[in-house]
Structures are given as structure tokens and as C-alpha cells.
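Chemist: Read off the chains here:
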Amino acid sequence: MSSTRPSGPPLHLRVANKKAYVWDVEDIATIRTKHRLCGVFTGTLPHLSQQNLFLGVPMVLLPEEVVLLVENESAVLVDDPKAYLEPSVAELQRWSAQENELAQLRLAQLAAATKDSPAMSEEAVQKRKERELKKKAAAEAKAAAEAASSESAETDTSVFKPPEEVAAPPAPVDVQYTVVIPASSTPFEWYNDSACAYTTIQSAKDAGIWEYPSDLHERAKCGVFRGLWEQGMFMGGGIKFGGDYLVYPGDPLRYHAHFSASVLDSPTSALTPMEIVAHGRLGTVTKKSHLLCGWDDEKKAVSYLSIEWAGFG
Amino acid sequence: MQAHPSYQALAHILPKYPRAAGSVFQAYNDILHVQKWTDVKVVDLEGVSRAAITGKKPKTDVTLHVVPCSLAETLSFGWLTTTFTLLSDPPEILLAITSDDASIVYYKLSRGIVKPQV
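Sequence lines, in order, name chains A and B.
First residue of the first sequence? That's 4 in our numbering, and the numbers climb one at a time after it.
First residue of the second sequence? That's 2 in our numbering, and the numbers climb one at a time after it.
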């Protein structure tokens, strides 16, 4: 198919632990707009790694997406750990100089910021802490004196006394530091993936960095994924609707999914009527059809059946 | 079963496919007496060892194909494609899924990628 031929240089998918990551934002944009693949963002913020509402780079591609890109010669698989060569002294010195320059820049920015709001300076924080400590000590002394003077009169009612006010911890005044964590390693002079980039799935398998597809089920998934993709569909994970994929007629940001799809490995693999009922009813309720995608590994062809509730019975 | 008024129409089918007899009988009665379809006919589908039921919904003029099966059966994608072929490739078939407690549910299976109705 001529439309699947690459027009630019192949993308470099960084493989680590048999997963393919994309770190470059430009590459992510290309994958989304030109190759019509969505991937999944997995990067969290370094200091808030448990929040997962807003994720960013790196993007992890579904294995089916990786196979599709590599087979279309739109991407190569890079054995990422091997792409970091031993840096030379000169390279390290240049890197170190650059880091220093950046650090100086950051310090200058910090100084500029604290000048504008003196309350943020470290000196001010220190003074404030001292003031609060003094205040607290005075309040404690006063409370102790009161308690001593009233103790004799109110011994039996003391349980009703309101609990002693716990001094609120001083409001934290953080001095914020900005630490830039580079997402991509490609600018490093010692990063060179030319010796460990694989242009075919088979060569990547031979090198031991990639496994998918390794059996009939995975071949069926790759075949079905390609079949739907070639029809212009966008695919996302189907777990929310109990299928293998959610199938969108265009970019998921613009369209609702019309289908949930499940993959049947072969024309003879078991399909129970209960599955048809479950998929069909869920799809109908969510205004989707369910696609049964039957893979034929001998013909390397996929055919589809759409399930909908009949509307009666 | 033999005493049932519907038996006569199915007499040539039910003894031939004893395993599917229950669901064919149940689907036929539901289509004829509950859904009140017209022009109801029975089509022998030897390749999948059962009969299909064709007919038209009340006040419509489109012939639909109903293929009965039991909830306890195990089907396959190939089985479904064969059924389509045996019925000379209609755009859709209705799979009538029957269960032991006499409940029945119909699902529409269409060839290819067919968008859901809005």
C-alpha cells in the first residue's frame, strides 16, 4: 500500500524491557497525526508520581502499534540501554560546563524572584521561624501560669476544660527550586543508537529486545489491528467495554468510539452465545456495536461481524 | 412436543437435528406466536445441523433470517460465516439464543463493520 510507505526518516522507538517508548514530543505528534496511532502516556511528575490524571512523556505504544509502525518501515526499534556509549572526558567536560551554565542561570532566576517577594527569601523564612518560636514559648508560659493558679479551684471540672489549644504548625513557606529533568537522552554526545537500531521485527527478536507477536493470539491481534487501521480507524485499549480495542472512526479527541472489538484467533476458536449476549447488550447500552474480528492465520486475513441487539425478545 | 400445533411445520426438521430441536422449536413458536411475524418459513441448514426461520416483522416487507442456537452451545466465527453463506449471504442474521427456562433473546449479526444505529 503506497499510503503506508514512509515519507520521512523512520522514527526511533526506544525499547526497554520489551516495551517501546517515545520520548520526543515531535515524534508523538507525528505518530498521532501521520500514522494515526494513539499510544498511552505514562510519564508522571517526578514529585507527584502518584497522580495519574495528567500524564506526559514517555508515551508507551501498544505492541500492535509497534509492529505496525515497524512493518510499515515508519519506525525502527532501538535497544535503548545499549545506545549509551562510554562518554569521553572531553564530552563529559562539555556536558558539565553546560550543566554549570544552566545552574547559574537558575540561581540568577531564583535571585530575581526572591528580590521581588522578600518574604520568600531564606533569610526572611529564618526570621519568621524565630518569631513564631518566641510567640509559642510565651503562650505556653502564660497557659502554664493560668493552669497553676486555677488548679486548686477547678480540680473536679478540669475534664470539661476545652483541650489546650495546640499551637498550629507554622505555615510552611517553601522556597521553590526548579530542577529541570531532561526527558530525552538524544542530545547527549555519547548517545548513539546507530549500532543498536533494528529495522524489522525479526531482527529485533533475534537481538532479544522484542517478542511480540510470539504466538497465534498475538499474531491475530496484530492482524486485526492492522485491518482496522487500514480502514482508517483509530484504536484504543478496550478494557472499559470488555473487548480488546475501542474503535474510533477518527481521532479519539474528535469522535466517540463506534465500536468495541474483540479478536478471535481463528475461525474455529470457541465463541459462546453468552459472549455474544454480553458484548451485544453492553454495546447497545453504550451506543456502540460490538465487532467480532475473526483472524485467519493461513490466509492472513481478517473478517468482521457486527453485533447489535435485535430490538425485540 | 409432537402434540403441539406447531409440530407439523417442523416435523421434517426436529427428528433430523435432535441436538438443535429444542432451540429451533422454541424460536419458531416465539417468532410465530409472540413476535407475530408473517410469512414464517423454515429453512433446512444442513451445514450447521439445524433449521433457520425466515419471515417478516408485522407491517414490514423485509425478509429476515433467524438462526436458533442454545445458550449451552459453543459456536465459532467460522460457524457464523458458514451460516451466512448457507442463507445466501443476507446482510444480517438474527441469532436467537434460547435457554432451558424458555427465555429467548435475539441478537443481530451483520457482515462487515456496520455502524450502530443512532
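Hints were generated in silico from the structure; no laboratory data involved.
Careful: at least some of the hints might be erroneous.
[As the list claims (entries may be wrong)] Here are some chain B residues pointing at chain A (derived, C-beta under 8 Å):
{"id": "1", "residue": "Tyr-8"}
{"id": "2", "residue": "Phe-26"}
{"id": "3", "residue": "Asp-31"}
{"id": "4", "residue": "Leu-33"}
{"id": "5", "residue": "Gln-36"}
{"id": "6", "residue": "Lys-37"}
{"id": "7", "residue": "Trp-38"}
{"id": "8", "residue": "Thr-39"}
{"id": "9", "residue": "Lys-42"}
{"id": "10", "residue": "Leu-46"}
{"id": "11", "residue": "Leu-76"}
{"id": "12", "residue": "Ser-77"}
{"id": "13", "residue": "Gly-79"}
{"id": "14", "residue": "Pro-91"}
{"id": "15", "residue": "Leu-95"}
{"id": "16", "residue": "Ile-105"}
[Said to hold, decoys possible] In the PhoX-like style, the derived pairs of lysine-lysine whose C-alpha atoms are separated by at most 25 Å in a straight line are:
{"id": "17", "chain 1": "B", "residue 1": "Lys-58", "chain 2": "A", "residue 2": "Lys-290"}
{"id": "18", "chain 1": "B", "residue 1": "Lys-109", "chain 2": "A", "residue 2": "Lys-243"}
{"id": "19", "chain 1": "B", "residue 1": "Lys-37", "chain 2": "B", "residue 2": "Lys-116"}
{"id": "20", "chain 1": "B", "residue 1": "Lys-57", "chain 2": "A", "residue 2": "Lys-243"}
{"id": "21", "chain 1": "B", "residue 1": "Lys-42", "chain 2": "B", "residue 2": "Lys-116"}
{"id": "22", "chain 1": "B", "residue 1": "Lys-42", "chain 2": "B", "residue 2": "Lys-58"}
Using N, Cα and C, we set each Cβ at its ideal position, and we do this for glycine too.
Chemist: Could you run down the list of hints and mark each one as holding or not?
Modeler: Structure-based check of each hint:
no.: 1; hint: Tyr-8; in the structure: violated (22 Å)
no.: 2; hint: Phe-26; in the structure: violated (16 Å)
no.: 3; hint: Asp-31; in the structure: holds (7 Å)
no.: 4; hint: Leu-33; in the structure: violated (13 Å)
no.: 5; hint: Gln-36; in the structure: holds (6 Å)
no.: 6; hint: Lys-37; in the structure: violated (11 Å)
no.: 7; hint: Trp-38; in the structure: violated (10 Å)
no.: 8; hint: Thr-39; in the structure: violated (15 Å)
no.: 9; hint: Lys-42; in the structure: violated (19 Å)
no.: 10; hint: Leu-46; in the structure: violated (17 Å)
no.: 11; hint: Leu-76; in the structure: holds (5 Å)
no.: 12; hint: Ser-77; in the structure: holds (5 Å)
no.: 13; hint: Gly-79; in the structure: holds (3 Å)
no.: 14; hint: Pro-91; in the structure: violated (13 Å)
no.: 15; hint: Leu-95; in the structure: holds (5 Å)
no.: 16; hint: Ile-105; in the structure: holds (6 Å)
no.: 17; hint: B/Lys-58 - A/Lys-290; in the structure: holds (23 Å)
no.: 18; hint: B/Lys-109 - A/Lys-243; in the structure: holds (23 Å)
no.: 19; hint: B/Lys-37 - B/Lys-116; in the structure: violated (28 Å)
no.: 20; hint: B/Lys-57 - A/Lys-243; in the structure: violated (37 Å)
no.: 21; hint: B/Lys-42 - B/Lys-116; in the structure: violated (29 Å)
no.: 22; hint: B/Lys-42 - B/Lys-58; in the structure: holds (13 Å)
Consistency with the previously given hints fails for numbers 1, 2, 4, 6, 7, 8, 9, 10, 14, 19, 20 and 21, ordered from lowest to highest.
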